[in-house]
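Engineer: As they're listed, the protein sequences go chains A and B. Residue 155 in our numbering sits at position 155 of the first sequence, with consecutive numbering throughout. So our numbering is basically just the index in the second sequence, starting at one, shifted up by 392.
Since the hints were derived computationally from the structure, they do not count as laboratory data. Watch out, some of these pointers could steer you wrong.
As the list claims (entries may be wrong) - Heads up, simulated EDC-like pairs for lysine to aspartate or glutamate below, C-alpha to C-alpha not over 20 Å straight-line:
#	chain 1	residue 1	chain 2	residue 2
1	A	Lys251	A	Glu342
2	B	Lys435	A	Glu43
3	A	Lys194	A	Asp241
4	A	Lys212	A	Asp243
5	A	Lys269	A	Asp243
6	B	Lys435	A	Asp38
Stated by the list, open to error - Here are a few chain A residues that face chain B, going by a calculated C-beta distance under 10 Å:
#	residue
7	Pro22
8	Leu28
9	Ala30
10	Arg32
11	Asn35
12	Ile36
13	Arg40
Glycine included, each C-beta is placed from N, C-alpha and C at the ideal position.
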Amino acid sequence: MLVGVVRWFRGYVGFTATGRFPERLLNLAAVRGVNIADPRPVEGGVGGIMSVSDYRRIRPLARRARVRLRVNRRRGLPFVLRRYRGRYGLAAGAVLGAVAVGVLSQFLWSYRVLGADSLSEQHIRRVLAENGISVGTYLGDLDVEPIERNLLRELDGITWVSVNLMGCTADVEVRQKAQKPEIQSMEPCNVVAKADGVITKLKVREGFAAVKEGSGVAAGELIVSGFNPTKQGGVRYMHADADIYADVISKRELKILKSYSYYSLTENKIDRTRLKFLWFEMPLSLSFGSFDHRAVTVRDRSLVLNGTVLPVGTSVETTRELEMCRAATNEASASEIFRNAELLYEAFSKPDSRPVSRKFVVNEDENGYSCEFNCVFNENIAQTAEFSVTED
Amino acid sequence: MKKNLSAVQLDLGTVPLIEMSGNRRVNVEGSTGILLYETGNIKVSTSRMVLSFEGRGLSVRCISGSCVEIEGFITKIEFIS
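The shape of chain A in the complex, shown without the other chains (with noise of 0.2 Å):
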């Protein structure tokens, strides 16, 4: 293997010596010190290869062996380089190519953020980069094992972090803290309303009812409770368990203003595109416009060759013309604004309670319009309310 690259690089020829003596080539190149490797019987005489040189130097011994050379094949380096030759281009473009690889392996050309399910990469990203981890970062200066321990201090929600760099590009590995489990309480409590209303169902797992279905209750009402007297008329505590589900009344108000103004975006904008190279940025488009009420987006795109993500990309600069709008409200836009801002609540803000009844009035005075809405949800209202036991 290795004589077959040195013999490449070299340069050799693969010809055939045909004549009255081709054993005597054989023993005068031997003699003469001229390297004839595997040297093998052909037709009417010897084949083999040698190098270039010493091809050069058998000539006279096949006059003495009375032979003729015959070239087969010509490999090597030196054949490669006379293919190309007065092309002065390719030679400079391949010292520049290889400089070019060699200053550009110095440089991070991109990392990633694994293992960051709930937090933020775009903050983990900041706090990278404010510990000199960014694309373009120069590998000499890169210092793994404190970056590491400041990313243990700045990040919050994380137990471990590793930085591995591997040739240009680098994996910032993370491991979240694990989230507490809620550890279910067996400390003697009460169930207590935690909203006034009307109980529709009592489901009690632990504990005795302190009231029945179609009880009116108070918010901190005891509804089960977790004393058990004995025969012998002692108390046994326990730990009061139970789903209560009832009406509650939800009062709310809204109010809205019968003209506001509010920004919107128009059709005009402007894209600045930007060629980004490592730490370089050079602008491909010329805009000059601006807009007095903006919103600018940026989005950025990595060139990726073989799933590697090159330090060559665009990042396009998308400015949007904000515009001044007003609008007014009458009483009929205003409920339906008032109706879809209800859903919301009902769907955000009590997902688990089912609706009873929903009533809203819309009143209407000079500023604007304001809504009451007076709704009854049935949800469970069971509250634990622990307490303390002390023996005398």
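Using the hints provided, position chain B relative to the given structure of chain A.
Structural biologist: Relative to chain A, chain B alone:
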């Protein structure tokens, strides 16, 4: 006795040294050249005799000024003097 010993030493210095690995490889030290090179027969000249190797698929792996290494399936060796 002394005369016989010196004769043996003389022979050891001029006769070829043949080293064989089974019938697949032969290394001849003290050769003065190849006289015949065919796949079925290779004749190697030495100072005292000519060695003839017959067989199948014979080839010279290496050749230098005084050493020849032959590889192949050797079926017969002949010493021609």
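Engineer: For each hint, tell me whether it holds in the structure or not.
Structural biologist: Each hint, compared with the structure:
For the given pair, Lys251 (chain A) sits about 11 Å from Glu342 (chain A) by alpha-carbon distance, which is consistent with the 20 Å threshold. Distance restraint check for Lys435 (chain B) and Glu43 (chain A): the Cα-Cα separation of roughly 17 Å lies within the 20 Å cut-off, and the hinted pair is therefore satisfied. Distance check on the hinted pair: Lys194 (chain A) and Asp241 (chain A) sit about 14 Å apart at the alpha-carbon level, within 20 Å; holds. Straight-line distance between C-alpha atoms of Lys212 (chain A) and Asp243 (chain A) comes to about 13 Å, which keeps the hinted pair within the 20 Å bound.
Taken as a hint, the Lys269 (chain A) and Asp243 (chain A) pair is broken in the structure, with Cα atoms around 56 Å apart against an allowance of 20 Å. For the given pair, Lys435 (chain B) sits about 18 Å from Asp38 (chain A) by alpha-carbon distance, which is consistent with the 20 Å threshold. Against a cut-off of 10 Å between C-beta atoms, the interface hint on Pro22 (chain A) holds, since the closest Cβ of chain B lies about 7 Å away. Proximity of Leu28 (chain A) to chain B holds as hinted, the smallest CB-CB distance being about 9 Å (cut-off 10 Å).
The beta carbon of Ala30 (chain A) is positioned within 10 Å of a beta carbon in chain B (closest approach about 5 Å), and the interface hint is therefore held. Look at Arg32 (chain A): its Cβ gets to within about 9 Å of chain B, closer than 10 Å, so that hint holds up. Because the smallest distance between the Cβ of Asn35 (chain A) and any Cβ of chain B comes to about 9 Å, under 10 Å, the interface hint for this residue holds. Interface restraint check for Ile36 (chain A): the shortest CB-CB distance to chain B comes to about 7 Å, inside 10 Å, so the restraint holds.
For Arg40 (chain A), the interface hint holds, since its Cβ comes within 10 Å of a Cβ in chain B; the closest pair sits about 6 Å apart.
Hint 5 from the earlier list is the only one contradicted by this structure; the remaining hints agree with it.
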